[in-house]
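133 is the number that numbering that gives the first Met the number 0 gives to position 134 of the sequence shown; each next residue is one higher, with no gaps.
Treat the hints with care, as some may be off.
Result set (SDA-like, lysine to any residue): computed pairs, CA atoms no more than 20 Å apart in a straight line [to be verified]:
1. K178 to N140
2. K100 to P79
3. K69 to A20
4. K100 to L139
5. K69 to R40
6. K178 to A137
7. K69 to R99
8. K100 to S143
9. K178 to S85
10. K178 to L145
11. K100 to R135
12. K69 to R39
13. K69 to A33
14. K100 to R89
15. K69 to D30
16. K69 to S143
17. K69 to G29
18. K69 to N93
19. K178 to R89
20. K100 to W57
21. K100 to A33
22. K178 to R135
23. K178 to Q190
24. K69 to W57
25. K100 to D149
To be clear, the hints were calculated from the coordinates, so they are not data collected in a lab.
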Amino acid sequence: MPPALYIVSRLRGEGRPLEDAELVERAQRGDADAYGLLVRRYQDLAVRVGYLVTGRPWEAEDAAQEAFVKAYYALDRLRPGTSFRSWLLRIVANEARNLRKAARRRVDLMSRASEHAPPQGAAPSPEAEAVANERRSALLNALSDLREEDRLVVAYRFWFELSEAEMAEALECARGTVKSRLSRALGRLRQGLRSPAQQHPSRQELRDA
0 MPPALYIVSR LRGEGRPLED AELVERAQRG DADAYGLLVR RYQDLAVRVG YLVTGRPWEA
60 EDAAQEAFVK AYYALDRLRP GTSFRSWLLR IVANEARNLR KAARRRVDLM SRASEHAPPQ
120 GAAPSPEAEA VANERRSALL NALSDLREED RLVVAYRFWF ELSEAEMAEA LECARGTVKS
180 RLSRALGRLR QGLRSPAQQH PSRQELRDA
C-alpha cells in the first residue's frame with residue numbers, strides 16, 4: 000500500500016474520514032501523520048488564498064508552506080471549536096501580505112483566476128461563448144481593482160463557500176460584520192462594472208470568475 004494511502008487508512012475512524020477537529024486533536028498530541036492529512040486536505044485552498052493576495056504563483060506557494068509550518072507550531076493555541084480551515088486561511092493571508100510587502104509587487108488576479116476557472120459542461124455556441132467571455136473578463140477586471148479586503152470577502156463567500164463563522168475567523172472580524180463587509184464589497188464590485196447589463200452578476204458568475 001502506498002504511504003499516503005496507508006496514512007489515510009490508519010487514520011480512519013470506523014470506516015469514515017476523520018473530521019478536522021479530530022485530526023487537530025491528534026496532531027496536538029504529536030501525531031505528524033494527522034497533521035499531514037490536514038496539509039493535503041487544504042494545500043490547494045491555501046495556495047489559492049495566497050494568489051488572492053500576491054498574484055504570484057511562487058509567492059502563493061511560499062506563503063502556503065510557511066503558513067502550514069507556523070500553524071503546526073501554533074496548534075496548541077488553537078481554541079476548541081475554532082475552524083481549522085478558517086484559522087489556517089487567516090495565517091496564509093498574513094504570510095502572503097508579508098511576502099507582498101517585502102517584494103513590493105502588485106497583484107495580478109487575471110492570470111490567477113483564469114487558472115482556477117471551473118470546467119464547463121456542453122460547449123456553448125460561439126455567440127454565447129463570446130458574451131460569457133466578455134462578462135467574465137469585465138468581472139475579473141472589476142475584481143482585480145477591488146481592495147484586498149474586498150477581494151478576500153468575495154472569494155471566501157463565493158469561491159471557497161466559507162460559512163459566516165469561518166469568514167469571521169479568517170477575516171479577523173466580528174461575525175455580525177461579515178454581511179456588511181460582503182455587501183459593501185459587492186457594491187464596489189458593481190460600481191467597477193462599466194456596463195449596466197453587467198452590474199448584477201449572478202451567484203454562479205461570481206463562483207465561476
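Practice task
Could you work out which earlier hints the structure fails to respect and list their numbers in ascending sequence?
Solution key: 1, 2, 4, 6, 11, 16, 21 and 22
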